[in-house]
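**Q** Just so you know, the protein sequences line up as chains A and B, in that order.
All residue numbers for the first sequence refer to this note's numbering, where the first residue is 1 and numbers rise by one.
All residue numbers for the second sequence refer to this note's numbering, where the first residue is 371 and numbers rise by one.
Hints are computed from structural coordinates only; laboratory data are not their basis.
Where is the CB? At the ideal position from N, CA and C, for every residue including glycine.
Keep in mind that the hints are not guaranteed to be accurate.
[Said to hold, decoys possible] Using 20 Å as the maximum straight-line C-alpha spacing, the simulated PhoX-like pairs for lysine-lysine come out as follows: (1) A:Lys245 with A:Lys270; (2) A:Lys105 with A:Lys115; (3) A:Lys109 with B:Lys601; (4) A:Lys131 with A:Lys109; (5) A:Lys74 with A:Lys20; (6) A:Lys105 with B:Lys601; (7) A:Lys245 with A:Lys296; (8) A:Lys294 with A:Lys352; (9) A:Lys74 with B:Lys529.
[Claimed, not checked] Sample of chain A residues facing chain B (criterion: CB under 7 Å; computed from the structure): (10) Asp64; (11) Leu68; (12) Met70; (13) Ile73; (14) Arg76; (15) Gly87; (16) Thr100; (17) Val101.
[What the hints assert, rightly or not] Computed, partial: chain B to chain A, Cβ under 10 Å: (18) Met371; (19) Arg373; (20) Trp376; (21) Asp506; (22) His510; (23) Ser511; (24) Glu514; (25) Met521; (26) Arg522; (27) Arg525; (28) Leu527; (29) Pro533; (30) Ser610.
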Amino acid sequence: MIKLEGLTKVFKGHNIPAVKDLNLEVNEGDVCVLVGPSGCGKTTTMKMINRLYEPTGGKIYIRDEDVLQMDPIKLRLDIGYVIQEIGLFPHMTIYENIATVPNEKQWPKDQVKEKVDNVMSLVGLDPDVFKNRYPSALSGGQRQRVGVARAMVSDPSIMLMDEPFGAVDPITRARLQNEFLRIQERMDKTIVFVTHDIDEAIKMSDTIAVMKEGQLVQHATPSDLLSAPADEFVSNLVGRNRSIKRLHLIRISEILEDVDRAPAIKDDTKEEEVKKRLDESDLRTVIVVDRDNKLKGVVGVNDLKRKTGEVAGDYYQEVSDTVTDDATLNDALSVMLEIGEGYVAVVNEDEKYQGTITLGDLLNVVREES
Amino acid sequence: MLRTLWVWIGIPLIMIGIASAIVIYSVNNPPDTIVARMLTYERIFRVIREHMGLLLVSMIGATIVGVAGGIMLSRPSLYRIGRVMETLVNIGQTVPSLAVLALFYTILGLGFRVAVFALFLYSILPILRNTFAGIDGVEHSIIEAARGMGMRPLRVLTKIELPIAFPIIVAGLRTAIVINVGAATLATFIGGGGLGDLIVTGLSVHRDMIIVNGAVIAAITAILLDYLIGKAEERVVRWS
């Protein structure tokens, strides 16, 4: 889909090339993450693809078409572009911001409106609430969503993303990453993604291109990168704790079906039954859900002793945090450490209970993988 | 609705009312024959007309040249010259307006046109400087996002840079107008007419009442125009 051949960029007044003889191929529907320390040329490489920088040498092909022969304006209109600073237009409403590319392409008004509404819902922003607001009235996470929506609105098959989740706190970042992966699963876009964060690279990518001083060091799947780093630079980059990094690669939904654990109990379960279930449970706790399978809380042995009541609904205490089933095992581990428990309840998008995973489950995964 | 009426009609009418009250009182109650002869409705209207003429012609010219120049200097190819110009303009602003008028009198002679030309040049400075600074101050990431999404340079200028710089450009316009109204009172020294006529006449015949009339009308004109432009800007700029 995207092919870089001998790509070189030397900036005016510099002797050392920012990017040197880079060869890289990105397959259709893949997320290719360019990763490396700052100044390694990853952003420069990305900006040459939409010709914000003109290459000094080499070729760029998109679908076998020579990019350097194309009209740069047309080229850019068909490539989604997200940058770390987001670059929302402060004088335009969220609607006008997202409608930028369709307006440049002079789409009919009602088509623009439909697409903007769609893409806003897709990134989790209620159009009725946010449409007429100005960027200054939004939180950092919401602005990032607008930035992504603005890049996706005209449905480009290629997207360039330069640290798109860089400017938000870690918790919001993990959520945005998970949401984006969910969207990407459906959209199947070809994405070039720049980051300096190796954990993000492992989590987001189909392939990772490690760069150093303007050159490509290794281009491989995250799994291969972890098991067979090409040289010392790459192995230093991925770090010592590779087993933990593998947890980024696996989604909770992937292991949930293999986990054999007693199901949750309904909140109208009788005390006798709750006791029985507690004795059977390897966690000494049972999860309580309501009739719609929505998570209510958790009952432990001590709760039965402390409180009085007849059914599970009288005993349970709320859980402090949960994970969604599209989160990674690493997210689950962070939550467990955060709430100080050896388990965490898994829910889906609609907060329906999906199961529970434990530290033991994670340990099994790490053991199997290595 | 009531608030809009008050902002756009109420407050301006009060300002004009104050000036009118002083004028009407002075014309109808002259302390002596000298004031009576020199301070007539006819004369007051004439100097106001002249003053507005000086102001209008020089400001229209200065706005066109200042904004266009500011835009041109902010383009990448002229940007370095723009930075130098910014400094030169700041130095130019320190030359007293009376000196500017005197300078043009020695070169071009007397009259309304010379006064307009001097005021025009003097008013370009704040407009040019603010236009350049306003565009220069647009965050780089915003421009990059616009270009990266496929906006042509001219579209980036008209849709992104100018609207974002607009409040700063307007601030330059307001500065220029206030300076211009004041400086135009000096036009009388080179035969340009205007409210300065009243002030200089009052000075030469030692009649404060005539000076006060000229000064108050000039001051209220400056305050009123500044106020109206500020309010108009508030209506246009709803995003900050």
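**Q** Mind listing which of the numbered hints don't hold for this structure, in increasing order?
**A** Violated hints: 1, 3, 5, 6, 7, 10, 11, 12, 18, 19, 20, 21 and 28; rest satisfied.
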